[in-house]
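Residue numbers (the numbering used here), protein chains in the order written: chain U, 1 to 587; chain H, 1001 to 1420.
It is worth saying that the hints were derived from the structure and are not from the lab. Every residue, glycine too, gets a C-beta built ideally from N, C-alpha and C. Take these hints with a grain of salt, some might be off.
As the list claims (entries may be wrong) - Computed beta-carbon distance windows for the label pairs:
(1) H:Glu-1164 <-> U:Ser-470: 21 to 31 Å
(2) H:His-1192 <-> U:Gly-475: 48 to 58 Å
(3) H:Val-1165 <-> U:Arg-253: 36 to 46 Å
(4) H:Phe-1074 <-> U:Ile-396: 29 to 39 Å
Claimed, not checked - Quick look at which bits of chain H chain U covers, simulated, 3 or more residues with Cβ under 8 Å:
(5) 1076 to 1084
(6) 1113 to 1120
(7) 1169 to 1181
Said to hold, decoys possible - To list a few chain H residues with every Cβ distance to chain U over 12 Å, as calculated:
(8) Gly-1052
(9) Thr-1056
(10) Phe-1087
(11) Arg-1092
(12) Glu-1110
(13) Gln-1166
(14) Gly-1393
Here is what each chain is made of, one letter per residue.
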Amino acid sequence: MSGCVDVYGYAVSTGGWLLCGWAPPLSGQAVSGECGVSLVFENGSVGGEGLVAQVLRDDLGDLGFGVLVHVPGSCPSLGRLISAIVGGDGGSVTMQTTAELTRADDGALLDILQVQRLISADADGDRIRVVMQRPGFSGRDTLGQFEGQLAFQIDEAIRYGGSGMLLNGWLLEAPRGIRQIRLRSGRRSTPVALGAAVRTERPDVIAKYGAALRSHRVSCGFIVALADCLEPGEAAYVEIEVASGEIGFLPIRPSVLRGLAAIRNTLSNLSPRYDEVQRTFDIIGPALRLLNQERLAGPRSHREIVFGAPPTNPDCSVIVPLHGRIDYAEVQVALLARDGFGQRHEVIYVVDDPPAAAAVLRLADSLFRRFGLPLRLLLPNENVGFAPACNAGLDIARGRHICFLNSDVFGLQPDWLDRLLATLRGRPDLGIVGPLLLFEDGTIQHQGMRYDRLPEFGHWLFPVHPGKGSRPVPGRGLVVHPAITGACMVLSRQLALDLEGFDERYVIGDFEDSDLCLRARRRGVSVAVDHGVSLIHLERKSQASGAEAWRSNVTLYNAWLHQAAWAAQLSADAGQDWQDERGPCGS
Amino acid sequence: MRVLITSHSHPRVQNGGSEVASHALFERLRACGDVEAWYLGCTRSTAFQRAGQSITQPFSERDYLYTVGEFEDFKFANRDTGFARDFRLLLRTLRPDIVHFHHYVNSGLEAFACVREQLPDAKIVLTLHELLAICHQQGQMVTRPDGNLCRRSGPIECNRCFPEVQPSDFFLRTVYIRHFMGWVDRFVSPSHFLAQRYVEWGLPEHGIDVIENVARETAKTSAMLRPPRSPGDLTTLRVGFFGQISMLKGIEVVIEAATLLEREGRTDILFSVHGDDSNQPAVFRSTFRTQVAAFGDNIVFRGAYENSEVDALMADVDIVLVPSVWWENSPVVIQEALRNGRPVICSDIGGMAEKVISGQTGLHFPVGDARALAGVLKALAADPELRQALLRGVAERRQDDAFDAHLQLYRGLLQAREQG
């Protein structure tokens, strides 16, 4: 049983497709009111919940009855319409197209469909008339018409991935006030499903609007990621359709935030715990991943400034990302500049702190003149984060080996690096080796990493430092671990290059070290701590404050990536008793 | 023997105890026939600056002055690239056998490593003049802001005085200082007290010699001009305070003791206060000046004095008061008092208690205790025999020659070098 489409097209003001044609006589039950509609084009289909009303047609006789269909949705370029399938619980009708099919859009379409007076005078007809009479978006905020009924605001609308948008806002509404919220851009219409959004707490909104709207739901904030919702060159706006069918518009001013600032803004008002964690990052994680990718995608330019004459064929390249406390370099270099270190090894500081560049250069000049240790300074033109900074250092490194070293790690034993290198050379099965790291009071900061499931954070596996804060046990020798910290690790340059350095998807500086170790182990080499070599690693005590919430959420985001990549491997690791495992490197 | 003396300051720029002592040592070395000596002082004033040169010779041929550039005061790191260049050049030019540092402020700790690098055979001596390496609170080991005596430093303890500085930064400060002190061949401390504190902090005990500061040579002291009065004939006890008018020097203890005695109607114990309050905080100064205005008849404020006047001023007192409420190292005023034949009444702590032997060259009282000080003074006023005994003790005290001890130290170091 099939009918036919005579005229169709897309009308931006209605936010969807309109098509007019006829359906066979016995289909009246199936083809009326709200029902599912699927439009099949040459190159794909669109569909959704549509509205169908009957149209009076004298010309059809027994052939059937006239229908007018509206399907809200976007208008992708899919070619010519082939057919429309309209139906509900009572069955469906396929409306075919013929060579006489007319395509018209917007005003032209609505003119052709000047059949409104012939639209049935029932409830279905009324509803579709309201849709066709909707005013188009004029660029103005028209939500004021819903005063006392709802209040809605977008605080930040961050573009990502070319055509995606992260909306960070809030909504207060009287019960059952809203039928649908859509993000509109050109001919795209994307439902904003708050039921599937990340909810945020907005006591500020409740304080201001709660009484007027008789709503006290503090979690009225939301963050949604809408992929592929923007049409190039077209403005974006929110369209809110209330239960009565009326429409209000809110223009969107795209955020100026980009890169890390955008990530920071998105993560600053969240505190997901337990079961919310996985859901939260499943919603916003893909958008964050694209934001981070865009941040690092631009052409990266680094200036290299060299002080002195570093060896051309160094045994090891020590790569230190420097950010914030540049004065740490003064102590670090003073301690390194002993026993011909600068003739055997090269030291590369990656100044991942562009505002501090001038001060670092002045300090480096002074350090070289005081201590005579040749220094290579790499100055990225923007703050790139731990992994990209280390990788930039790796790109220019010339050593047979690489030592990734944090700027707050200090070697009090003069020969610590040579000893780690000797350990590495002595064990072909060993891929990455690190030292025992101690706090300034002599207690353990790091002696290898394990993974703990944290219920509070979605039962994900987080790297932990067993024994942290306790006194080290002497004479442990070389101990293999699932992973070691990147605060100080030594590996061959070849392995570092084979692994393509640290994975830059991790933002700022978490989990990259674990990830690198796990990738190395996948290649069949082991990872170990040489307890015979110890360095000091300071742990900065940052004031716990709300302003830093975003930073712990970045950690959660990184954990989300890490979990997705390594959950299976880590579950297998968990079966091993690493604590006592000396492994193939054990002594 | 070729000796380069360096100091954190220069007596021509500032008249502090350690620069005066280091320059006195330099002058006496110059007077020795078999010693070639040079002096390198420092200044933060730009008055002597010459573009492109960090070390100049504004005073004399053997007397150098370094104009300090970028200096990091927390861990005494000298970031001045000009000094790194010019100090190396100076070392290569002078080729001293001994480089004797007085202090590490201004020249910077790196200078020790620099000497070792340029002159591997030269011996490095460092005289410790206060507790700066151990205590960030101006090396006083007095808590901030309460001013209590501190007996132990460390990252956690120091963070209590300076909550804005993380314990890890204090740790790094110590790492940095100790690292460079590793190049020093011999430490000199003017007092056992200071030496002990540095041993507790981590310096090797056998590496420190206790040698008193070399005093500036004076033509005549007042002990010769006007000997102390004989106590038996006297009805008054004249007590003198000489030094900076500051909280730490215990000026409040003096004023309180004088007030207590006045209230008791004692007119036989008279205080005279000599010193400068001009570089003190404004609040302290105004409080002090208000106190001066309200002074009773038994105490008088005489104001600032030149170091060259001290002998004459001490001639007018019977005893000298050193009531500091911090440890002190080896206060110059004690040396001055003893050289003028005056017994000293001092606080019972640190370098003061060490340099004044109670019952012989003076008396001690519990630090900060004005009532106890008043008691000691009353006892002394009532006991001419005790006063006489103290005068005798001062006159007969054993005097080691600090300069000879320095020469011996240098010769010992060079002898050891030659013996390999």
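Hints versus structure:
no. : hint                                 : verdict
1   : H:Glu-1164 <-> U:Ser-470: 21 to 31 Å : 29 Å, holds
2   : H:His-1192 <-> U:Gly-475: 48 to 58 Å : 40 Å, violated
3   : H:Val-1165 <-> U:Arg-253: 36 to 46 Å : 44 Å, holds
4   : H:Phe-1074 <-> U:Ile-396: 29 to 39 Å : 33 Å, holds
5   : 1076 to 1084                         : holds (count 6)
6   : 1113 to 1120                         : holds (count 3)
7   : 1169 to 1181                         : holds (count 6)
8   : Gly-1052                             : 15 Å, holds
9   : Thr-1056                             : 19 Å, holds
10  : Phe-1087                             : 10 Å, violated
11  : Arg-1092                             : 15 Å, holds
12  : Glu-1110                             : 5 Å, violated
13  : Gln-1166                             : 6 Å, violated
14  : Gly-1393                             : 48 Å, holds
Checked against the numbered hints above, the structure violates hints 2, 10, 12, 13; every other hint is satisfied.
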